[in-house]
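Peer 1: Protein chains in written order, with our numbering: chain F, 249 to 350; chain P, 104 to 565.
Calculated directly from the structure, the hints in this document are not laboratory data. Heads up, some of the hints might be wrong.
Capping the alpha-carbon separation at 30 Å, the derived lysine-lysine pairs in DSSO-like fashion look like this [what the hints assert, rightly or not]:
1. Lys-557/P x Lys-408/P
2. Lys-543/P x Lys-470/P
3. Lys-470/P x Lys-273/F
4. Lys-435/P x Lys-408/P
5. Lys-124/P x Lys-273/F
6. Lys-408/P x Lys-427/P
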Amino acid sequence: MNSELLTEFTYFVLAIFVGIEVISKVPTILHTPLMSGTNAIHGIILIGAILIAANATSPLEIILGFVAVLLATLNVVGGFVVTDRMLEMFKGRQAPAKQEKK
Amino acid sequence: MNIWIALAYLLAAVLFILGLKQLSSPRGARRGNQTAAVGMVIAVLATIPLLHFTAAGIVVTLLGLAIGAPVGAISARRVHMTAMPQMVAAFNGVGGGAAALVSISELLHRGLHPVFQIAFPSIFSMVVGGISFAGSAIAFAKLQGLITGTPITYAGQQVVNGLIAIAIVGLAVANLAVASQPIFFVPLLLLALVLGVAFVLPIGGADMPVVISLLNAFTGLSVAATGFVLNNFALIVAGTLVGASGTLLTTLMSQAMGRSLANVLFGAFGQIQASSGGAAVTAEGKTVRAGSPEDVGTMLAYARKVIVVPGYGLAVAQGQHALKELADELEKRGVEVEYAIHPVAGRMPGHMNVLLAEANVPYEQLKEMDEINGEFPSTDVALVVGANDVVNPAARNTQGSPIYGMPILNVDQAKNIVFMKRSMRPGFAGIDNELLYDPKTVMLFGDAKDSLTKLVAAVKAA
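With the sequences and hints as input, model every part of the structure.
Peer 2: Structure, rendered in structure tokens:
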């Protein structure tokens, strides 16, 4: 195992713990917005899609690159917008009221 | 990798983590989503210096962005509140598809014998991304009503699915051990797609949010694997965050329904009545009492305490404003009105809170199940608006019922029960509700919004 792979593997393992820890206290009513928010975050695959699309040369690579960029963009943009729409309903009066909840 | 790019990726990763943290508390949730979006913009911009564009490459990249961004934004803006879960499924599926395509492109690029640390994550990402893509497509179709929401099952289904999974592992090993070429990985991709479809088909529509959450975690892992292939820190960290938090969230969601994840995935929940008909208590020979809006209006107007139990039917009818009007009218007459929110009422957790918040129902009146269940015995009228399974006593009494063990709202303990339903059709889980035939139950048939409007008039007249 070379050192770069080892570093990447370290990030991977640490990110697992952070990912679990950071949402462990989510209330039921936020399950769906949280799912939708994390859904937008994995749209980061857009970076991967752009990396392969950018230096595409053969027709097959060009097609794969194009479709990957298109799908990943849908994931990112749609994901954040739909989450925002869900959450805009939670604004206003609700925020102070929430504090009363145990 | 350039140090500035690395630092920008680190900043993006921090913003993702902060965003997730904020997303899990009601007050910061919306800001959390925006924080994560800022992280995403930073991560994408930081990638630009890494690119070596070919002429065709720059065209397809810009074209993909130019088409994808407006289509994604507009469809997410236009979608109805009730259709949001399937929209999330769709966006999740395309993400999984993108990850699979990136991996395929890398496999084609790397030749016959890529080193194991490239080949393994590529194959993994392709298979898991493919499962997520196909599974999300089926989840979308079920929720959208393109195919039936009831579980599609056949004898030996789990065995067949198991065999597909074994074949996938076998082909993956062949890819790694023999040679990485299309003759191995194309069938592998196809099998992954088949497994995605086969694995979601037997799961009932009511459980789709849990399935979408699981597939969301799959896509996250697939993206993380792609990060190992491309040696990209941002992909690894963001993908893993989603994979880990998505897995936990999936478990939390099934717990909120009082069931284990295994039961959700393999229980073919909601198909028992559909397939075996007379197995449990069925409707035949029992009578229901249908009331007029005037009867029900009078009953409500002279009650002391009314608990409203909203469900999916309210969302479909968009009756939340009419419901608020009715509650206002009742409160004017001194009736105490509260809302009982079951954790899985509607099609997604939090659905009812969002819907009622839209109609400006005061948050203090929304009570969670544990908070309100003790109050039903002292309640004059429980008004069930478009809900069914979440008040079905079969969950308590009928061992063998698919919802047995699910915590429910104790509507049956109220002095009077009013069910507002469009028909006698069972709820989403496909199970008959004995409460509909209870002597203290009155049925008010029709569209929830219409009925509520009529009730407002009836209460005013009473």
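Peer 1: With reference to the structure, classify each hint as holding or not holding.
Peer 2: Status of each hint after checking the structure:
1. Our distance criterion of 30 Å between C-alpha atoms is met by Lys-557/P and Lys-408/P, whose separation comes to about 20 Å.
2. Under the criterion of a C-alpha separation no larger than 30 Å, the hint pairing Lys-543/P with Lys-470/P is consistent with the structure, at around 24 Å.
3. Our distance criterion of 30 Å between C-alpha atoms is met by Lys-470/P and Lys-273/F, whose separation comes to about 19 Å.
4. Taking the CA atoms of Lys-435/P and Lys-408/P, the gap is about 13 Å. The hint holds against a cut of 30 Å.
5. For the suggested pair Lys-124/P and Lys-273/F, the alpha carbons sit about 9 Å apart, so the restraint of at most 30 Å is met.
6. Of the pairs offered as hints, the one joining Lys-408/P and Lys-427/P holds, with about 16 Å between alpha carbons and a cut-off of 30 Å not exceeded.
In this structure, every one of the numbered hints holds.
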